[in-house]
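What follows is the residue order along each chain.
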Amino acid sequence: MIRGRTAAFTIHVVLPSAETIMLTRLTRAVLLGPALALVPLGAGAHEIVGNRFFPATLVADDPGVNDELSFPTASLFKNSDVPSVNELDIAVEFSKRITDDFALIVQPTWTHLYVPGGPLGNGASGFQNLETTAKYRLYKNPEHEFVVSVGLVAEWANTGAKSLSVDTFTTYTPTLYFGKGLGDLPDTVWWARPFAVTGVFGYPIPSRSGTIITSVDPDSGGVTVDNSPNPRFFNWGGSLQYSMPYLKTAVNDLGLPDFFNHLIPLVEASLQTPVSNFAGLDLKTTGTINPGVLWVGDYFQVGVEAIIPVNRQSGTSVGMIAQLHLYLDDLFPTTIGKPIFGGPVTPAKPF
Amino acid sequence: MRNKSIAFAFLALAASVMPAAAHAFLDHSDPRVGNTVKSSPSAVTLWFTQKLEPAFSSAQVTNASGAVVSTGASVSGTVVRVGVRSLPPGTYRVHWKVLSVDTHTTEGNFTFRVDQ
Numbered sequence: 026m027i028r029g030r031t032a033a034f035t036i037h038v039v040l041p042s043a044e045t046i047m048l049t050r051l052t053r054a055v056l057l058g059p060a061l062a063l064v065p066l067g068a069g070a071h072e073i074v075g076n077r078f079f080p081a082t083l084v085a086d087d088p089g090v091n092d093e094l095s096f097p098t099a100s101l102f103k104n105s106d107v108p109s110v111n112e113l114d115i116a117v118e119f120s121k122r123i124t125d126d127f128a129l130i131v132q133p134t135w136t137h138l139y140v141p142g143g144p145l146g147n148g149a150s151g152f153q154n155l156e157t158t159a160k161y162r163l164y165k166n167p168e169h170e171f172v173v174s175v176g177l178v179a180e181w182a183n184t185g186a187k188s189l190s191v192d193t194f195t196t197y198t199p200t201l202y203f204g205k206g207l208g209d210l211p212d213t214v215w216w217a218r219p220f221a222v223t224g225v226f227g228y229p230i231p232s233r234s235g236t237i238i239t240s241v242d243p244d245s246g247g248v249t250v251d252n253s254p255n256p257r258f259f260n261w262g263g264s265l266q267y268s269m270p271y272l273k274t275a276v277n278d279l280g281l282p283d284f285f286n287h288l289i290p291l292v293e294a295s296l297q298t299p300v301s302n303f304a305g306l307d308l309k310t311t312g313t314i315n316p317g318v319l320w321v322g323d324y325f326q327v328g329v330e331a332i333i334p335v336n337r338q339s340g341t342s343v344g345m346i347a348q349l350h351l352y353l354d355d356l357f358p359t360t361i362g363k364p365i366f367g368g369p370v371t372p373a374k375p376f
Numbered sequence: 420m421r422n423k424s425i426a427f428a429f430l431a432l433a434a435s436v437m438p439a440a441a442h443a444f445l446d447h448s449d450p451r452v453g454n455t456v457k458s459s460p461s462a463v464t465l466w467f468t469q470k471l472e473p474a475f476s477s478a479q480v481t482n483a484s485g486a487v488v489s490t491g492a493s494v495s496g497t498v499v500r501v502g503v504r505s506l507p508p509g510t511y512r513v514h515w516k517v518l519s520v521d522t523h524t525t526e527g528n529f530t531f532r533v534d535q
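One line per chain: the protein sequences are A and X, in this order. Under the working numbering, the first residue of the first sequence carries the number 26, and numbering increases by one thereafter. Under the working numbering, the first residue of the second sequence carries the number 420, and numbering increases by one thereafter.
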């Protein structure tokens with residue numbers, strides 16, 4: 026799930042007075058730096074389109090609409106604050122189909138910010154603002170392994186911990202998702218047919234155009250009030266995948282050991298480009314590139330990826346993200362794994 | 420302590436309702452996907468990852484021009500067997516569509532070659 030960078034520049038109130046100096050400096054760092062939760066957590070749902078199985082991806086949401094549970098998604102990286110601090114994020118994402126094509130998704134994320142090498146227990150912890158998504162599968166073409174979905178992502182104001190300086194306004198992000206498998210390539214390039222791409226494009230719309238920032242100088246105790254605009258960003262990203270299951274079952278069974286036939290190496294990207302309302306701010310495109318691998322089974326998948334910031338404004342070192350993802354539609358097909366309305370589509374007699 | 424109890428309760432609940440079915444995906448086939456056989460097989464056999472509903476599961480084989488060259492399919496457990504006529508050298512495509520016992524439908528296709 027790509028998140029807007031708006032959160033980074035619209036931190037509202039900081040109350041360092043009751044904290045230690047270490048925490049005060051950490052909080053000040055959060056104020057100065059724009060990278061809180063820059064690395065998004067969570068995942069989309071897996072999707073089956075003809076021959077193609079689109080797995081749930083870790084960083085850039087995919088077009089799937091399904092009953093799923095990511096439990097958990099954990100990432101650790103050094104964010105772009107000045108100076109940089111370690112950020113540990115642990116997220117849970119629950120996706121529930123209302124109908125076969127429409128799902129509601131809720132994703133709480135717990136974050137711990139701490140100074141590398143600092144004393145044990147230093148830093149700030151708490152939940153980020155709650156994020157929810159309403160997602161609808163718009164079009165599905167099994168023959169060409171193509172699927173398109175639309176969604177509305179909402180990050181709800183003041184539902185997270187004040188110690189993380191969460192947004193005090195709600196952000197709505199209309200989002201477009203697509204997935205395309207390359208299985209319709211000619212047999213002369215059979216080796217490329219296991220490739221697939223997914224994409225996600227979103228435009229976060231904050232409920233307020235600006236935010237009043239109040240900060241306290243830890244040394245002098247002076248209070249500073251500033252009215253800061255909420256910049257507008259364009260979120261974009263996706264994944265390039267090579268499906269070993271697809272290679273074995275639809276292209277060429279090479280007789281590889283079974284473990285390898287469950288792997289999907291992939292590279293994800295999650296980027297945010299400023300587009301408006303950032304006058305006076307030195308903003309650049311930020312984000313991460315995430316190479317990694319998934320192992321997909323019948324009931325769950327596990328994945329691990331590196332977090333590589335694209336520039337200093339995106340982070341200061343390579344981090345790591347990992348996820349256990351459960352297919353509720355396969356684990357509990359007759360209870361919580363089926364749509365609330367409509368149920369399974371009545372199968373047509375083949376051929 | 421309370422958190423541990425909740426966790427155990429959740430795991431016990433999950434274990435108690437764990438079903439024995441999921442989407443049925445093709446596991447392997449004979450002839451093998453994308454491979455070449457020296458002479459015409461008498462049948463194409465598909466093994467799936469889950470038990471199938473015979474009434475809603477089947478497969479057929481077509482030649483390069485799209486003509487059906489299979490003579491019928493039978494389904495038993497996780498296996499679909501498709502009889503084929505004597506196949507001259509060429510490329511053949513196997514189309515399958517199955518329903519697993521948990522009501523999930525999946526479909527797919529692949530090719531194999533009969534050698535010259």
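To be clear, the hints were calculated from the coordinates, so they are not data collected in a lab. A few of these clues could be false.
Once the Cα atoms are required to be at most 25 Å apart in a straight line, the calculated DMTMM-like pairs of lysine to aspartate or glutamate come out as [to be verified]: (1) X/K470 <-> A/D283; (2) X/K516 <-> A/E168; (3) X/K516 <-> A/D283; (4) X/K516 <-> A/D212; (5) X/K457 <-> A/D212; (6) X/K516 <-> A/D125; (7) X/K470 <-> A/D323; (8) A/K363 <-> X/D449; (9) A/K363 <-> A/D125; (10) A/K363 <-> X/E472; (11) A/K165 <-> X/D449.
To give an idea of the chain X side of the interface with chain A (calculated C-beta under 10 Å), a few residues [unchecked claim]: (12) F444; (13) L445; (14) V452; (15) G453; (16) N454; (17) S458; (18) S459; (19) G496; (20) S519; (21) E526; (22) N528.
Each residue gets a CB set at the ideal place from its N, CA and C atoms; glycine is no exception.
Structure-based check of each hint:
1. X/K470 <-> A/D283: Distance of about 20 Å is within 25 Å: holds.
2. X/K516 <-> A/E168: With Cα atoms ~13 Å apart, X/K516 and A/E168 stay inside 25 Å; holds.
3. X/K516 <-> A/D283: This hinted pair holds, its Cα atoms lying about 23 Å apart.
4. X/K516 <-> A/D212: holds, 22 Å
5. X/K457 <-> A/D212: holds, 20 Å
6. X/K516 <-> A/D125: holds, 19 Å
7. X/K470 <-> A/D323: holds, 13 Å
8. A/K363 <-> X/D449: violated, 34 Å
9. A/K363 <-> A/D125: holds, 8 Å
10. A/K363 <-> X/E472: holds, 18 Å
11. A/K165 <-> X/D449: violated, 30 Å
12. F444: At 7 Å from the nearest chain A Cβ, X/F444 passes the 10 Å test, so the hint holds.
13. L445: Holds, about 4 Å.
14. V452: holds, 4 Å
15. G453: holds, 3 Å
16. N454: holds, 6 Å
17. S458: violated, 19 Å
18. S459: This interface hint is violated because 19 Å lies over the 10 Å limit.
19. G496: violated, 16 Å
20. S519: holds, 9 Å
21. E526: Since chain A brings a Cβ to about 6 Å from X/E526, closer than 10 Å, the hint holds.
22. N528: holds, 7 Å
The structure fails hints 8, 11, 17, 18, 19 (numbered hints given earlier, in ascending order).
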